[in-house]
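With the hints as extra help, turn the sequences into a complete structure.
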Amino acid sequence: MCTLRFEMSFICDLTIAFYLYYVATHYFHLLPSPLSFLAWPIYEAVQGCILTGVWVIAHECGHHAFSDYQLLDDIFGLVLHSGLLVPYFSWKYSHRRHHSNTGSLDRDEVFVPKKKTGIQWYSEYLDNPLGRVVTITITLTLGWPLYLALNVSGRPYERFACHFDPYGPIYSDRERLQIYVSDAGILAICYGLYHLVMAKGLAWVVCVYGVPLLVVNGFLVLITFLQHTHPALPHYDSSEWDWLRGALATVDRDYGILKQVFHNITDTHVAHHLFSTMPHYHAMEATKAIKPILGEYYRFDETSICQGNVERGKRVYLCGGRSKYREQSVFLVQQSVVMTMSPRLLWTSL
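Residue numbering for the sequence shown follows the UniProt record's numbering, starting at 1 and increasing by one per position.
No lab work stands behind these hints, which were simulated from the structure alone.
Be aware that a few hints might be false.
Stated by the list, open to error - Label pairs and their computed distance ranges (CB to CB):
hint, residue 1, residue 2, range
1, LEU30, PRO156, 52 to 60 angstroms
2, HIS99, LEU258, 51 to 59 angstroms
3, GLN70, PHE164, 21 to 29 angstroms
4, SER100, HIS26, 23 to 31 angstroms
5, TYR167, CYS190, 18 to 26 angstroms
6, THR137, CYS190, 30 to 38 angstroms
7, SER238, ILE75, 34 to 42 angstroms
By construction, the Cβ of each residue, glycine as well, lies at the ideal position given by its N, Cα and C atoms.
See below:
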């Protein structure tokens with residue numbers, strides 16, 4: 001594994017992030033008022049995209065794809081993810097279970113659709129343009145912290161699940177000590193942010209750090225949701241699911257220039273699920289290699305991200321087909337409300 005190539009990606013991301021921060025904090029106040037008000041949103045959007053790339057590097061550390069040394073991966077991952085208010089080890093272990101159980105109705109960790117009997121009473125009131133706008137807005141802004149803190153949109157557990165709880169049902173006994181380490185990392189960053197607020201003011205911290213972090217969180221939810229939600233992607237119950245089928249129940253998407261900023265995690269996601277310890281700089285090469293092998297089992301959606309997001313909110317999907325092996329066990333989704341915390345999802349048993 002070429003640690004130098006990874007370090008170059010890491011250094012490049014941090015250099016750009018620091019440069020943006022430096023320009024914003026040293027020069028924006030010199031601009032006339034109209035330009036200053038315009039410059040800050042541009043900074044926040046661009047910085048959020050760059051920090052999403054940093055998040056992806058930390059994600060690679062969680063997969064032991066950063067270096068040949070697990071300890072080095074965990075140190076880098078802990079520092080980077082803590083800086084983005086992500087409990088590194090907590091997420092690492094739940095994300096590993098997601099990769100182990102992708103596409104399983106019973107065991108996948110996130111965006112597990114509900115069966116018809118699990119539809120919440122208020123879902124029908126969200127099935128309209130205004131409801132979809134509210135739903136998408138809440139999901140993109142609060143979805144990630146709500147998932148970490150309250151397991152919103154996560155798989156059901158027998159008791160309350162939280163990524164910050166070392167004794168929660170998500171983790172095994174041997175993992176609990178590292179959850180404390182993750183929590184300590186978050187507390188350290190929060191302590192630093194507190195002192196920044198005292199020194200610089202709340203508005204400064206929100207503009208420089210808070211809004212870019214909000215952009216990062218929004219992209220995390222958007223990317224994860226769209227890579228695992230598509231009319232052609234099945235979910236399997238326990239009688240039909242296996243690891244390979246689940247890994248192939250993902251879709252690659254084109255984010256334009258952002259795919260480079262995000263280290264191609266968006267357009268090589270199928271390969272990532274097949275080879276999760278593979279460094280991102282080999283992902284494009286691997287994707288080109290697996291396409292002819294997978295044939296129709298490789299999925300790529302050319303729909304633009306904005307259009308795809310809107311379509312998930314207004315279209316109803318009814319996918320035909322039948323399991324080759326067993327009936328009543330493969331489920332495809334009819335979706336009428338996009339990205340809700342408790343989506344209105346109707347399941348058709350084929």
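- If any of the earlier hints don't hold here, list their numbers in rising order. 2, 4, 6
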